[in-house]
Structure formats: structure tokens, C-alpha cells
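Chains as they are written, first to last, in numbering that gives the first Met the number 0: chain A, 0 to 334; chain B, 0 to 334; chain C, 0 to 334; chain D, 0 to 334; chain E, 0 to 334.
Derived by calculation from the structure, the hints in this document are not laboratory data. Where a beta carbon is used, it is the ideal one built from N, C-alpha and C, also for glycine. Among the hints, erroneous ones may be present.
Simulated crosslink set (PhoX-like; lysine-lysine; CA at most 20 Å straight-line) [claimed, not checked]: (1) A:Lys143 with E:Lys64; (2) C:Lys58 with D:Lys141; (3) C:Lys64 with D:Lys64.
Computed far set for chain A versus chain E, every beta-carbon distance over 10 Å [to be verified]: (4) Ala23; (5) Arg25; (6) Leu27; (7) Lys64; (8) Gln126; (9) Arg134; (10) Ala159; (11) Arg199; (12) Asp236; (13) Leu325.
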Amino acid sequence: MHTGEHSTAEVVISLIEYDETQLAERTLTDIEECYESADGQQVAWINVDGLHDVDLIEKMGNHFKIHPLAMEDVVSTMQRPKVEEYDGHFFVIMRMLDFDPESEVLTSEQVSLIVGERFLFSFQERQGDVFEPVRLRLRTAKGKIRGRGADYLAYSLIDAVVDHYFRILEMVGDRIEELEDDVLTNMAPASMHRIHHLRREMLILRRAVWPLREAIGLLYRGEVRMVQEETRLFLRDAHDHCVQVIDTVETLREVLTGSMELYMSGVSNRLNEVMKVLTVISTIFIPLSFFAGVYGMNFEYMPELGFRWGYPILMAAMAAAAAGMLWYFRRKGWF
Amino acid sequence: MHTGEHSTAEVVISLIEYDETQLAERTLTDIEECYESADGQQVAWINVDGLHDVDLIEKMGNHFKIHPLAMEDVVSTMQRPKVEEYDGHFFVIMRMLDFDPESEVLTSEQVSLIVGERFLFSFQERQGDVFEPVRLRLRTAKGKIRGRGADYLAYSLIDAVVDHYFRILEMVGDRIEELEDDVLTNMAPASMHRIHHLRREMLILRRAVWPLREAIGLLYRGEVRMVQEETRLFLRDAHDHCVQVIDTVETLREVLTGSMELYMSGVSNRLNEVMKVLTVISTIFIPLSFFAGVYGMNFEYMPELGFRWGYPILMAAMAAAAAGMLWYFRRKGWF
Amino acid sequence: MHTGEHSTAEVVISLIEYDETQLAERTLTDIEECYESADGQQVAWINVDGLHDVDLIEKMGNHFKIHPLAMEDVVSTMQRPKVEEYDGHFFVIMRMLDFDPESEVLTSEQVSLIVGERFLFSFQERQGDVFEPVRLRLRTAKGKIRGRGADYLAYSLIDAVVDHYFRILEMVGDRIEELEDDVLTNMAPASMHRIHHLRREMLILRRAVWPLREAIGLLYRGEVRMVQEETRLFLRDAHDHCVQVIDTVETLREVLTGSMELYMSGVSNRLNEVMKVLTVISTIFIPLSFFAGVYGMNFEYMPELGFRWGYPILMAAMAAAAAGMLWYFRRKGWF
Amino acid sequence: MHTGEHSTAEVVISLIEYDETQLAERTLTDIEECYESADGQQVAWINVDGLHDVDLIEKMGNHFKIHPLAMEDVVSTMQRPKVEEYDGHFFVIMRMLDFDPESEVLTSEQVSLIVGERFLFSFQERQGDVFEPVRLRLRTAKGKIRGRGADYLAYSLIDAVVDHYFRILEMVGDRIEELEDDVLTNMAPASMHRIHHLRREMLILRRAVWPLREAIGLLYRGEVRMVQEETRLFLRDAHDHCVQVIDTVETLREVLTGSMELYMSGVSNRLNEVMKVLTVISTIFIPLSFFAGVYGMNFEYMPELGFRWGYPILMAAMAAAAAGMLWYFRRKGWF
Amino acid sequence: MHTGEHSTAEVVISLIEYDETQLAERTLTDIEECYESADGQQVAWINVDGLHDVDLIEKMGNHFKIHPLAMEDVVSTMQRPKVEEYDGHFFVIMRMLDFDPESEVLTSEQVSLIVGERFLFSFQERQGDVFEPVRLRLRTAKGKIRGRGADYLAYSLIDAVVDHYFRILEMVGDRIEELEDDVLTNMAPASMHRIHHLRREMLILRRAVWPLREAIGLLYRGEVRMVQEETRLFLRDAHDHCVQVIDTVETLREVLTGSMELYMSGVSNRLNEVMKVLTVISTIFIPLSFFAGVYGMNFEYMPELGFRWGYPILMAAMAAAAAGMLWYFRRKGWF
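Next up, chain A with everything else stripped away, as it sits in the complex (with noise of 0.2 Å):
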């Protein structure tokens, strides 16, 4: 069963066929035209666009054996990242992130591998991919990649994603530069929100990056017998690829909690300044206005009333206790 969104979009199935000296794509309007190619002697790389059609893979699935489990893992989207191996294949389960630096919207999508001897099943959930250098390689013969098997073909495919996953750290990292200059100039109480959006985007790549690492150590470490001996080199490097992704990511997760703090005691900081200038203005006009009502007072016998040098007398005492107390304030530090 499909887990997914339903999607209406078509299912698009391409098939790239290579060995050293040649290359061949097609696009392949059914599954059953590929099994030719999956069993001769190039490497296969059939990649699906769009999961919904669970029969093309029910059937594709029982064509080649896979196991019920991995099947029903492919098709329900929501699996952690995981390596399996069965007879004949190994599987791979691996996240891929998009993020729209306008929105800071993180989108992820599921990826799985099917990795034979000769042919490597690539499953997507819809059209649009980070797998293009690899196609570019493939076609230019970049790097050797042609005379490898199937397995370094899934190496580039992890590798391919694993480096989106850094040029996502550093479109967020700069996100997270401007967010904190916001905080420490403006203030505005939208930044908390953008801390706490930015977060749960960190939470997301964690629980992608943190189980693939995994997943990948059991295959460079030789746990799956299919992978070979120099194709585990190229995934220690990528191993060591995830670790810093996840080293980053807690970096800038303590960065993101730095700056809400910052953000914090800023609001606090403004909560005192305003409490001062409210203080400071009381503090000098409260008492003068209680003088000024004390000889507004209609009592007939007021003597001080009919003094000739009481008005000026106590408008230049009320001057000097507020210019005391002005001072005292200004000791204080309060402006």
C-alpha cells in the first residue's frame, strides 16, 4: 500500500545502460521493457519517478525477486534510512532534501536503491533530483564511474545526496547569519518564530543524515558482501561526509539556541529601558505635581499663599529637586 500523497502525475521510468566504451538512455514507457537490459552484461540504472503505481512495481518486484518487505518499504514514504541486504541485492533507504531559500521551506523526499550485480533500481517520489552530476559523469565518462559496477553507481547516488545535504547546511547557515543580526538589531518578535521554524528544519536533516550514516558505515565496513573493496574507500569518504553534516547540524542547532537566548534577554534589556524612561519620568513629576496641588488648595488660611516670593521661591525649589534627582539618576545609570 502506497503511503504517500496520491498524485495524478505520470509515472516517467528512465533507463540509463552503460559500459566502458558505451552509453544508451531511454525513457521506458513500461517496467517490463527494462528486464532485458537489467540482466546483460552493461550496468543498468532504471530510475522511477512517482510511486503511486504500485502495480508497475508489484510487478517489477516479482520479476526480480525482491523481497515483500523491501517492496512495501519502497512504496510507503515515510521509512527511516536503512541498508538491507537479500539474495542477490542489496537495498537502500536514503531521504532526499530540497530547501527553498526564500520560504526556508525544507522539502524531503523518499529515495530507495535496488542494487543487483548489474543494475541499480532508483526509486522517487516525484520528478526533479540532485542525481544530475552523476548523469553528467556518466555521459562524459567523468571519473572512471563507467568501468565500475553497480555498487559505485550506488556510491555516486549516495554521495550525490549526501553533498546536497551540504550545500542545504550552507544555504541555512546563512539564513541563521542574517536571522541573527535581525536579533541583535530589530528585535522583532517574528525572529523567535524563525528560530523555532529553523529548528524543526535542523530536526528534520538530523533524522535524515543520522541513520544514513549508519546505513552507510554497514556497507563501507563490508557487512554487505556485494559491495567491493574499492568501492568501500569511496564510502568511508562519504561516511565521513555524514558525520560532518551531523557535526554542522548540532552546530548550528546550538547557534539557533544561542540566538534565542539572545533574543530573550534583548527583549528583556528593551523591557528595563522602557521601565526606566516610565520610572524617571514619574519619579520627577509625580512628587512636583503633588506640590503644585498642595497650593492649588482653596483653604483660607494658607499663608504662604500671600507671601511675595512664594511662587517663584517654590518653582525654583520644584527645579531643584528635579534636577537632583536627574543627577541621582543619572549615577545610576539609568539614562
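Place chains B, C, D and E on chain A using the hints.
What follows is chains B, C, D and E alone, placed relative to chain A:
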């Protein structure tokens, strides 16, 4: 000794006997009626709803030579999930949870399985469970469940419990989304209580699933001999699901913590806003009131009072001062 | 050297000797009276209440060839729970706790067991313990405890101590429920102190049960040779109980932390509410007072004062302004 | 290169030579005087107070063929506690702490031991140490310490250092109790600084005892061959003490964190209380002042002013309004 | 592909060739000039400052048959510290840090070592490093460094980098001490930013030293065969230093967290103080002003106004009320 709430509801015992070709369902009036079935060639699933009839359970335990410690654990309903192996049977405890999205209340019920070669006893505290899909698959012989032994039935029940955790997490996730919107828009003081409440429920879920993961781990790694090779592959899948539940619980907990911080910062911002209004109003009118008070004094010699333009000039000066302060506060971004 | 508080209470030594058919209880006046029993064929449980008579304990230690480090640990009452094996006996330290629900005070007492083939010495700091159910089962020969050796008696005592932790946790749990209600309704400043106090008590409980879990683990995994196979199964059960106590303690600690956050947010909310009242009242009346002050000035030329409708118009304008501000504040949700 | 503070105090070298029957104490003027003793049949304990005379230490190191890295560690006084084994000797670094309860200052001093078959060198930064009880036991031959080798002497010195940690923890614990009372009653701003200060000291203690625990673990598990079987049992005891110190440090740190939270909540409560007083007073008198201001206006046509009962009625209305508001505030629990 | 900032500075290649008797230093214009030296009997240390000339590095890599993944890591400058072994050489990446105490900025530079039997290549991003003491020891033949192989030279360079961490920690420690004084006395809002900034730098340092510790661990435990037994002892020492750096970083981070809490509590205390002043002044003068206002009303029938002693009595009553309130506030400890 039974440690749960004492119930007056009747104990309901139901029996499903099946093999690849046949299936029979019965409701029993006494536990003794199942003795013959449990020793037969078919797989017998005996489900007991209600644990307060300790005699019945003791009788059954004695007949099947269940270890007294296991029988004790069946009736004392605060056990941690676990798996234990005894001679001729193994014993599983898990917690079946349910969530009411209206009241946001999570209820917990202990389910114990005693699994022999060809029999499976399940004990529940109350009627009503999450095993209906399993019964359906048995009746319709879907997924070939009928061709496998009692160990596969045990897997199916465990999987049904874990699957229901996902449904609970989805419901809780929806409530948290709502709650976050609430926090961002309303700042209702009740939000804090709801956050606190949901965090406690996440604690309950975590306490149910962590030890269950370990228990399933024991089963799939083959440390319980009665579990067949083929079933283990399925148990590994259930184990993966447990890990995913734990992941999601941790994420939801972090999101709840984030919401709480959002809420607290919202409260601080609101206080700031209130204080700014107070400060702006007070800072403008308290000094003006003082000057009005001054010219309300009754001194005999206050020459300004006799000036023809005294009143308009004072009013104009006051208006100018107020405007100046407003300009100052706006420049500071206070409103 | 005895490190607990010095007590003047008499040391009470009691002896229970039993086998499957007989049981005798005695109170001893001197430790020497038990020598014969401890070397006999029956199981002898010698319980010593009071550790300040170091001579007595030394005499007993020398007679039974207990390792001096063990004897030192018996009388120095701040030990961590542990299990140690020596020639011919093993040594258990645990902490017996008690909780007074009235004063919410948790008291802690060190209990040491020295367990030989057919004797068990238990040392307590004070009279009064949680072993009464064990004595009862011995007297009534319930649960077949009398047919087993001193190692099973040791298990029974350990289990009695762990069981009492559950009862304490229940009482503390109830107090925490009450406390939470208190926080939600009263916001009494004392809540914070009670939360702090209960968290300290949870620390004490955690420090008692964590190392005890490890110690029981050593016993049930068979690393102490004197413990029989059959007893180990029971010890595994006690181990599970310890794990459950730890789980519950951690949950209660998280709940207490949650309560504290609830309390702090409640305090903030309350401050907000107070400030809103102040701001609404001040913002309405301070400007109005200013206008009243203006028309209280004594300028000779204030034409408005002579207007026939001046007073009613001003009052109406003021009422309108007040109503406008109230409307504005209500729209902002301030009251 | 010596990295501690440069001192002008003289280096003091003292020697204690003993076996089961004899003991001699001497103060040496040069390190060379001990060469003969260290190679003799008796155990020789050479204690050096003062590390700034690097030549002396180098000379001694060369004579006894101590590894240059060990000699470097002796004089560079910021080392982490550790144990290292070399040919013919092992090397221990630990930190001897002292706490002045008056100033609440924790001082730290590096103590290194070089332990051979029959000699033990101890190096301290300053005069004054916690080894007096060990010297006393040597002189009075108590605890049979004189019958054992240099490894047991090393244990005794380590144990003396760990024992002193307990005394420090007791003193710190007392200070924390006082501090908590202070927080609950006075809310002095200085409390926060003291909490912060004590937490830093707990960090120092933790950094001293964590690695020491590991180091003792190496010794008692027999990974250093020179330590005899019998001594290991005592080292296990010292190891247990380290664990207990760590436990207590963690508890005190949690208590300090709790005190800080108590303090912060106390500050918030106090602010609340202050604001309530301000709000009650302002809310009662600001509106009343307004009405007094109204009847202080000088409009010619204010009919109320001429009413016979105007003044008493107004006063009564004001008193009633004030009483009403007081009742309202009391009902809200504001005072 | 080089991933660091593109630089126009020239790449500087320097060569030090030495054995026990001789040492020669040269600056090379092309990498090819060192080929002969690297294959000779002397140890050759080739240091390259500047990584933007990728051709040069590739040429060198091809000549010495360095694995392409290692060469890639040399030029991509965001690598985590690590050690990797290849045929005939091992590869070390570390981060050389520098701290400017004026601007409190921590700069980070990647240093890679390729260590063969008798050659060592070091690659730095920029000119200027912390290796001057090593060069000095080479020139003066101090510490017998010249008698050992390239592995000991690698140790010396690693040790120089770790040693510089200590110097950075000392500088940062001093800045933190200053900062704490600042927080206690000034409460400058900038303190919070500085705390935040220094915490980020501690994160950078931690990310540099954690993986380096692991990497050195691999070297000293002998998992890289080219490292000689004797050098391993020194590497264990460098490993200990890494652990100490980590310890100190953690302590400084906790101290910074403590400072932040101090700051936040200081802000709260200050707000409290401000509010108390406002409350004391308002609470005294607002009621008094009301009474002055009352006797400023213009009612015709206000008998008190005609009393001979009305005015003095009222003033005395007001003074008494003010004094009473002051006494009340002082008793409450508000000023």
C-alpha cells in the same frame, strides 16, 4: 494478586483455531474448554479480556505449566514491556495505547502474550483492542498468515500494537500543529497546560515503546529459539518501526519544548507591548499635568496668570511638548 | 569507625531459625548466642538493629571471618548500594527508604546483608523495617520460602526493599498530582519550594536504586557463585522492578520540571494581567486628569470657562474618550 | 620546564624508611641522600614539597631511570589525574584539593607518585598535605601498613586524597544548605554569585575525581602488574569512594541548579508583588484624583458646586468606589 | 577542486632536509625539486603554504602515488580532523587555530600531513603557522628530534598544534574572566553578545579537537603500522593533552553558560530595583495628590476649608502618612 483496577465486567474468552485450510471461532465460558484445542495440530489463539478473575488465570497457568513469575506478571498490570523465554513457551508484555483526540487523553492497557508451538494466549485488561485487522487477515486468509505458526501470529499482534502507535503519533502531531497555531495567534494561558499535558503523554508513549524495541530486538536476533528464521525478518521490520516511533516521539517532544519557548517569549513580548503603551501615555501626560497643576495654584503673586496670551501660549507649548515626545517614541520604535 | 549518628538506643538482635518443617524466633542478648545456629543445618537469619556497638559487630566479623573491608562498610552508613563476593559469603548493601506523606520527608537507612550458605546477617541503623511481609511468609510457610536456602531469603529481603520503593513512588506521585493542581489554581509561591524539595528527594531515590540495579544484575547474571540457578530467575524479576523504579523516578522528575515551567509561566501570565489592569486604568484616567487640570488653572483669560455649555461638553468629550479607549483595549484583548 | 607559579620557598625533602620492625624519619638537604635508602630492603617514602627546583628532580629522574615524559609531567602542574606504567615503576598523578569554608575558595595542588618495588616518591607543589593520618599509621604501625610494600603505601596516599574529597563535599554541602536558606529568606542578589561560584568549584572537583576514578580502576583491575593482589581489594574500595564522590558532586550540582531556579522564581514573585502594590494604589487613586480634578475646574456654570450636599455625596461615592475596588482586588487575591 | 577562498598569494614551498649530523633548508620554486630529497636517506619535510594551485598538488600526488581521495581532502579545506593509512604513507588532517585577543576572533586553517618513511609533506592554507618551535628544535638539534624518523616529526607537528590550543584556551579563559567581571559590575547589554560569540568559538575549538583526539588515538594505539613503538609513547602524551583541551573547553562552556545566567538574573534584579523605586514614589505621592486635589475642589459648602488649623493639620497628616508608608516599605526591604 491482580494490581489493576477491580472490574465487575465479565471476563470474555474467545478462541480462534486455524490451519491453512480451516478456521473456527468460538466464545468460551470456561478456560478449560480450550485445553484440547491448544494441544491440537491447529494453531489456537485464545484471547482473554479481563484480568480480575485470578483463579481462571491460575488454573490455566497450572495446566500449561507456565512459570509462576510469568503468571504474576500477566495479572499485575504495571509491567514494563519485555520478552522472556521459558521451557516450551515465550512470554511477551507490551502496552496497547489509545488516544482520544477530543479530550487529548492517552489510555494505556497491558497486553501479555504467552506463545507456545501451536497456541497463543493473549491477555487484555479490557474489551476492545487493535487486533481487528489481524482477525480479518486470519478470516480471509490474506497475507498467508494462516500457513504460519503461532510465532508469526505473535509477530502480527506485536505489529498491530506498534502500528497503532503510528496512528496515535499522527493524531498527536495534528494536535501539536493546532497548538502551535494557537500559541502564535492567541497566547491563551491554557496553551501552556496543553503543552505540559501533551509532553506527559509523550513520556507515556516513550515508556511504552523503548522497552518494546529492546524486547523485539531479542526476538529478531534469535535469542528466543522458538521464533522461526522467516518470522525474524518480519520482526526486524517491526523493530525498525519501533525505532521510527521513538524518533518521532523525540521530535514531537522537541517541538513541544520549542512551542513552550515560543509561548514564553510571546508572553514577554506582550508584556513589553503593554508596558510601552503605559510608558508612552504616562510620559506624555504626567509632565503636562504638572504644568496644569502649577497654573492652578492660588498664589497671589503669579504674574503669568494675568497675561493676555498666557493660556494660549501654555496650551501651545504643551501641545508642542507632547508632539516632541511622540516623535521621540516613534523614533525609538515604541509604537 | 561508625560514621552514622551516634545513638543511645539499645542494639536489638533477633534470630529466626527455620527449615521446611520448623521455625523458631528468639531475641538475643549477645551476638555469641547465634554462633551455633549459624553453623547448624537450618537457615539462620540474624537481624541486628543498631550499628553503634562496633565491638559487637567486630566480634561477629572475626568469628565468621568476614573481610575487614566488608565489616567497615557495614558500620559506615553512607555507602552506595553494592554486591561483593568473598570466600564463603557474599555481601549486599542497599538503602531502605521511607517517606512521610505529611511532611514530605524521605528518610534513608543503610541495610547490609552478609549471606552465607545457611546464615544471613542483616544490619540496620534503626529499629523498624520493611521486612515484616517476609517474616510473615516465613512464619506461615507461604510461597515455599522455607524450603529454600539463605540466598532466597536474601532475594526476599532485597525484593521487600525494592517493593517499598514502589509504595514511596506512589505516595510521591500523589503529592505531585496535588502539587500540579496547586500550581494550576493557586500559584502559591510555596509551590516552587515544594517542587524543589521533591526533586531533591527524587535525587535521593535515584541514588539508592541505580547502583542497586547494577548490584542485583551481578547477582542474577550468576557472577556470584553462591546464588542458586532457581533464585536467579527471581532476582531477574527484582532487577526488572528496579528498572521500573528508575523509569518512574525519571518520569516524575520530568513531570516536576514541567510543573516548574508551568509555575514560571503562570507567574509571567499573572504579571501580564496585573500590568494590563494598571495600564488600562492609567491610560484612561491620566489624560483625563490632565484636561481637568487644564480647566482648573487660574488664568484670567480662559474664554471656555465662561461658556454656558463648557462644562457638560467637556464631560461628554471625556466620557467619549474613555469609551473609545476601552473599546480599543477590548479589541486588543486586554480585558 | 616547570609550569606552576614560581616559588621562592625552599624545597623540602623528607624521607621515611620502614619495615615491619623499624621506622626512621629524616629531612634531606639533597636528593642524593635518598639513593641508598631507595635501593635498600626497607620501604622508602621520599616526599618532595616544591617543584620549582627542576635540576633536583631531573637528577633524581636520571638516577632512577624514570621516563622523561613522566618527569615532565611531575613538574608541569596542570596535568589530568592518570596512572602510567613504566619499567620498574608506575606513575600516578592526582589532584589534592582544599576548601576554605570562610572564603569558599577551593585550592588545587598536583601530587605525583612514582612507585617502585620498595620506594615511593611523592611530589607536591607546596608544603602542607592530607597525608598526616598515613604518617601517623606508619609511626604507630596501625592497620599493619608497615608490613606491606610500596604499592600499599601508594594506595594509602590515594585513599587519603579521596577521603579528603569527602570532607570537602561535606563542607560544600553545608555551605549550600546555608545558601538555600539564604535564597528562601533574603533573596540577596549576592546569592546568585555564590551559586555561580560554588558551581565552578564543583566543576573543579569533578575534573579532579573523574579521571582519578579511571586511573584507580586501571590499578585495581590489575592492569599495572606491580600492584599486588591483596592491595587491589583495597583499591576497589578507593574506586567505590571515587564513584560516591562523583555521585555527590552531581547531586550537589543539581541542588545548586535547583537553588538558582528557586532564586529566579523568587525574583519573579517579588516583582509580581511589587507590581501588585503599585497597581492597587494607582488603580484606586488615579480615578479618584480625576474626579477631584473635575470639581477643581473653574467653569462658571457647574451646578453641582453649589449643591448643599455635593461635597459629602462626592466623598461618600469616592469612598464607596475605593472600597469596591479593594474588594475586587482582594477577591482576585492580589493582597 | 579547491573549496577554500581563492587566494592570489603565491604558493610558498619550503624544504628542510636533515639527519643526525646535517640540516639544510631551502625554498623551492617548483614541487619537482623535492622529488630527489623525498626519496633520499635523510628525512625531508616539505611544507606547502597555499592550496589554490591545484595542479601543483596533483602533480606531487601523482608522483608519490598518493590516493586520489587523500589529495582531494588536502585541497577541500572544510575537512574534519582524521588519520588514514594508505600504502607507504599515512595521512593526517588537523585544524590549526589562532585567536586574536583584541577582536576575540578565532581563525581556523586546515593543515594536512602526508607522512612516508623518510618524507613528510605538510599543506597549509596560508603562510604563518605554529611550527616555529619545531623548526628551532630541528636547527639546534634539541630534544634529539633529528635522530628520529618522519613519524616523530609528524608527532612534533601535531603536538605543536595541540599545544597552541592550550595557549588559545588561556587567552579565551582570560577574556571570560574579564567578561564575568563586566557582567557583575556593568550589566552592559553587549555582554550577552560577547558570551554568545565566545560560545560559538568554543564550539569551533571543540569541533577541531574532538576528532583530533580520536585520530591521535588511532596513531598511538598502533593501528597505523608506520608509527614506531617509541613515537607512540609520545603520541599518548599528545592524546592526553587533547583530552585536557576538551575538558577545559567543556569547563569554559559551562562557565559561559553560568555567566549568561548571572547576566539574566542581573537584568531581572535591576528591573526589580527600578520597579521598586517607581512603586515607592507612586504609592506615596499618588494618594497624597488625591487629597490635595480634594481640597482644591470648588464646592461652596466645604466646611474644612474655613477651619483655622485645616491646612496645617492636613499637611501634618500627609507627612505622617508618607512617613508611615516609608516605614512600611523599609520593613519590606524595598530600599
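Consistency of the hints with the structure:
no., hint, result
1, A:Lys143 with E:Lys64, "holds (18 Å)"
2, C:Lys58 with D:Lys141, "holds (19 Å)"
3, C:Lys64 with D:Lys64, "violated (43 Å)"
4, Ala23, "holds (28 Å)"
5, Arg25, "holds (32 Å)"
6, Leu27, "holds (35 Å)"
7, Lys64, "holds (35 Å)"
8, Gln126, "holds (29 Å)"
9, Arg134, "holds (19 Å)"
10, Ala159, "holds (15 Å)"
11, Arg199, "holds (21 Å)"
12, Asp236, "violated (5 Å)"
13, Leu325, "holds (14 Å)"
In the structure shown, a violation is registered for the earlier hints numbered 3, 12, in ascending order.
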